[in-house]
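*Asks:* One letter stands for each residue in the lines below.
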Amino acid sequence: MHTLITRRLFVVASLSLSSLGLYGQQPASATGTGTVTGHVTCGDTQRPARFATVVLFGVPAEVTATPKADPDASEEAQMAAMTAALNSIGKTNMVQAQTGTDGAYVATDVPPGDYYVFGAEAGYVSPLNQVEALVGAGADLKKPLPGVQVVHVVAEHQSMADVTIERGAAVSGVISWDDGSPVSGAIFTVVPAKGEVKPPAQFGMLAIVNMLSGGIGASISDDQGHYRISGLAQGDYVVSAKIQVGQPMGLGAGMNLAKMMANTPLEVYAPAAFHKSDAKAVTLTAAQDLRDQAVTLNLGGLHSVSGRVASAVDHHGINSATVKLQDTSDKDFARSAPVDAAGNFTVMYVPAGTYTMKVTDAEDTEPKPKNDKSKPNLFGPGTKTLRSYADGKQSVVVLDSDVTGQNVELAVDKNTKETPDFSKLFGGDDDDKPAVKLGTPPQ
Amino acid sequence: MSGLQLLALRGLLTMVGGLAVPGWSQQQTAPVLQGPPVAPAAVSGSSVTGTVIFADTQHAARFAQVTLQAVASDARLVAASDARQDRGPGGFGGGGSSARTGLDGTFTISNVAPGDYYVVATAPGYISERSLLQAELTAGATAADLAMQIPTVHVSADGSGSATVTLQRGGAIAGKLQWEDGSAAAGVQISVDPALPQPPLPQPLSSIRGFSGNAAVTDDRGAFRITGLAGGDYLLQAVINPGVAFGGGFGGRGPGYSTPVHVYAPGVFRKVEAKPISVRAGDERDDLRMVIDLRGLHTVSGHVSSAVAGANIVSGRASLTDSSDTSLQPSGTINANGDFAISYVPAGTYTLNVQGSTVANNGGYRGRNSSSSSSTTFKPYSQTLSVSDTDVTGLGINLVVASSQ
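In the order they appear, the protein sequences are chains A and B.
Taking numbering that gives the first Met the number 0, the leading residue of the first sequence gets 0, the next gets one more, and so forth.
Taking numbering that gives the first Met the number 0, the leading residue of the second sequence gets 0, the next gets one more, and so forth.
These are calculated hints, taken from the structure and not from any lab test.
Only a predicted model underlies this, so the values are computations on that prediction, with no experimental measurement involved.
Treat each hint with caution, since some may be false.
[Said to hold, decoys possible] Just the calculated beta-carbon pair ranges, DEER-fashion:
1. D180(B) <-> D161(A): 43 to 53 Å
2. L195(B) <-> S400(A): 47 to 57 Å
3. A138(A) <-> P196(B): 56 to 66 Å
[To be verified] Which bits of chain A does chain B cover? Going by a derived footprint, with three or more residues having C-beta under 8 Å, they are:
4. 46 to 53
5. 178 to 187
6. 232 to 244
7. 327 to 333
Positions of the beta carbon are idealized from the N, C-alpha and C atoms, including for glycine.
Chain A on its own, in the form it takes in the complex (with noise of 0.2 Å):
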């Protein structure tokens, strides 16, 4: 069940990144607050930045390197490194300001205290992309971010602070199915050559100032095929793009979070590759305009894999489990799917290699009865554990056709799991209590 519960601690925790904004700090008062003023100034055009986002984010007071995420770790520690995160969220001071036409902003009710003073603007590198750059540059985490402007504010008192913003490398081009006809939707994102830099965590909230400014980093294929990537720091990358090819998302009487979670997306690498060791990295230049940059997904050489999850009891079909197949020669390649309510399961779009199968979070359950509150149900409706299995694992190699007949039989485990009702971190039962209070550490 461990990975289960983790992975969708981080869908609600980036569900709710909104409401965290709101309760990571603690309510401003008018007084013993300051004032920040100053101008966005568009560094390749000396231009004032227009309606840009300006983010004053609390210098933390320690800073942590981000602990590397561990699949194999103890549901314990993945909990504990998870409410850590999350605590050292809570205690972001962050006050965000916008500027006018003129580039000037004024940022009002800001707690004491020294601040980095971040631009966020479409195209320019993002407030996330220089501490990553940072990081990955080996900048000392326990000084001050070389580079990024600090202001000192205190009570009662207006401070000063200009802001350059600078312009960022752009990639851009065309993805296609392997007859040539553009794939639409397909969510491009790019990963640095050498591998993902995390910033600590006290510097996640930073995340949320993409989302703010238009989606920084990210694009999506449009009907044409056409995806552009701006405001990357410069570095060696490998354009990503990822295909939602399982069950559609959506909230409300269609969702269901495991089984979501379950049909992971299928990720291809450019120029058409499945693994990134085989994607052609590409260099960006400072503010350069890289384009054409075609990527091709080509589907016709993969393969289905499919079986039946079973007690080991009484042979009948489980009718809730995970079934994910690990690319034994590639950590970051698995492919996933839930299995059906008799048991069944079909993994889609397997290139060949050899896999180990993994069999997790296999219950046997039952719908919960329906809840006499009208209020709607975020999660749709529940289910109850009647039984809980061990996990269950063999090995499965995929050549040059669809393989079947993998079937699992998976031994009573003697601890029936309850799944947790996510639906309380929303306060669904008490609309009068703030659902997540952050910044509190757990008692």
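Use these hints to put chain B onto chain A, whose structure you have.
*Replies:* Chain B alone, transformed into the frame defined by chain A:
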């Protein structure tokens, strides 16, 4: 497993009884239960299978989203709500009321409760069924004409059948958004809306939902592209939000936050002055240039006080309504000092409305519980205000108590 039966077939829907879909049959294999079944999860017998095709290319629509929406007189009962009751976790593409097509454009939606459903498929660049119906209704089609347009499937307890949905390529409006100095207006929200008033769809068609991708955000070069438009006249608008802010700036002593500025093509601030763009299905209008010039706009600011000693106005809103276009309603919040500022106001004659309160608004979720037993209710304030070629500053507004409680 029983098959399914397709009884109703209209418009674009093609009936192919008992079509076997290669690659999908394996997940429909009946479970072989040995021993007593522990899990009582219902495996409903009915499924809907089919294909989604692009009319212009005759290609299969790959990974298009398909949803079954219950034909119901009650608009709230959509998305096969009955199916949730007996929905199992499902396999790839199965379960619930929606699915994605595969490489060959085929889809399977399993565990469907018996009933009548609209088959709604969406793909970027193609006209959603709801948009198509709305455009035809606006063009004068009758309810009977409309009912012929929408693929419908009847699912009985032991039916068998398949559906083909053909998607029509929509029109596209694309171009560049610039500031008056020629620089790109990047990261700005853009949307298109029908120029003519949209009559409501008749029941039960009004329950059809469908993604209509009529909004976009300009990229770093100011470029935008909005697709999937049914034929018709559209208004293109850019929305500039001058006051998206959170953190310490909420509800404090700052200048307050103004409502978004709406700019309509070719560059006007009143909807009535906007120039409609005609689009036919399949048309590409990719040469649009829209220039935003905010230099001629002004700020209206002032202070709100109350006639009651000790009762200071610390929250509320001041809003302007344009006399020639009531859809132009710039407004601003009243801050903790009683000050307000409405920014980016075009010249014109307005009605200024002010509603103030002595109860602090903390903003966001924190404000949910704010209530005060000592609150005073004030009469809404209203006056005519003319904005010509300068900012209007120093307005002094005194609110009068509405009634004693």
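*Asks:* Could you run down the list of hints and mark each one as holding or not?
*Replies:* Here is how each hint holds up against the structure:
Taken as a hint, the range 43 to 53 Å is violated for the pair D180(B) and D161(A), whose Cβ atoms sit roughly 20 Å apart. Separated by about 56 Å at the C-beta atoms, L195(B) and S400(A) satisfy the suggested range of 47 to 57 Å. Between A138(A) and P196(B) the CB atoms are about 57 Å apart, so this pair conforms to the stated range of 56 to 66 Å. Evaluation of the coverage hint for the segment 46 to 53 of chain A: fulfilled, as 4 residues show C-beta separations to chain B shorter than 8 Å, against a requirement of three.
Coverage of the segment 178 to 187 of chain A by chain B holds [criterion: at least 3 residues with CB-CB distance below 8 Å; count 5]. Given a C-beta distance limit of less than 8 Å, the hint that chain B covers the segment 232 to 244 of chain A holds, as 3 residues qualify and 3 suffice. Under the rule that three or more residues need a Cβ within less than 8 Å of chain B, the assignment of the segment 327 to 333 of chain A is violated, with 0 such residues.
Hint violations for this structure: numbers 1, 7, all remaining hints satisfied.
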